[in-house]
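**Q** Sequence:
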Amino acid sequence: MEINLNKASSSDDEEIYNMQTASFKPLLEKYQDYEFSPGAEKIEKTRQRLEESFTDYYFICLGDMHIGAIRICRFDSLCKLKQIFILPEFQGKGYAQQAITLAESLYPDAKRWELDTICQETKLCHLYEKMGYAKTGKIQHVKDGMDIVDYAK
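This note's numbering applies: residue 22 is where the sequence shown begins, and numbers increase by one.
Since the hints were derived computationally from the structure, they do not count as laboratory data. Every value quoted in this text rests on a predicted model; they were computed, and no experiment measured them. A virtual CB, placed ideally from N, CA and C, is assigned to each residue, including glycine.
Once the Cα atoms are required to be at most 25 Å apart in a straight line, the calculated SDA-like pairs of lysine to any residue come out as:
hint: 1; residue 1: Lys114; residue 2: Leu127
hint: 2; residue 1: Lys144; residue 2: Cys82
hint: 3; residue 1: Lys63; residue 2: Phe111
hint: 4; residue 1: Lys151; residue 2: Leu48
hint: 5; residue 1: Lys51; residue 2: Ala61
Okay, the calculated beta carbon distance ranges per label pair:
hint: 6; residue 1: Gln161; residue 2: Lys66; range: 14 to 24 Å
hint: 7; residue 1: Ile169; residue 2: Gln69; range: 19 to 29 Å
hint: 8; residue 1: Ser74; residue 2: Lys164; range: 24 to 34 Å
hint: 9; residue 1: Ile160; residue 2: Gln112; range: 21 to 31 Å
With the hints as constraints, model all of the structure from the sequences given.
**A** Structure, rendered in structure tokens:
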């Protein structure tokens, strides 16, 4: 089944926050990264991002159901895919790939796209590489067994 994206507004803060914490919970438990993990953030951070003029949040919708969200930051001809999350029960079904394709199509003036992810999460790295992203060579060490790798296309 195909998904679509619906733009979120500041009044959607609690729903986005609840989906984000549920979606990132397995990675938070695995890496115990309470400093940077979106699964450990407070709702105030979500509220702040929803108010940023350069940030767009979209719900990832399967029919009428919100199954995740994607956050894009716009900087002239650069767009950054800052977060994408799918509720655990909908993961592994190709929805993230569809959402990225749809999100990229919403910004036709973007000449460059960037994102980062956990280097040790091979499924995530494979997804982004399949979508045409390439490692930039920049890797940030977070803690033993966890590094953040940058991608661009």
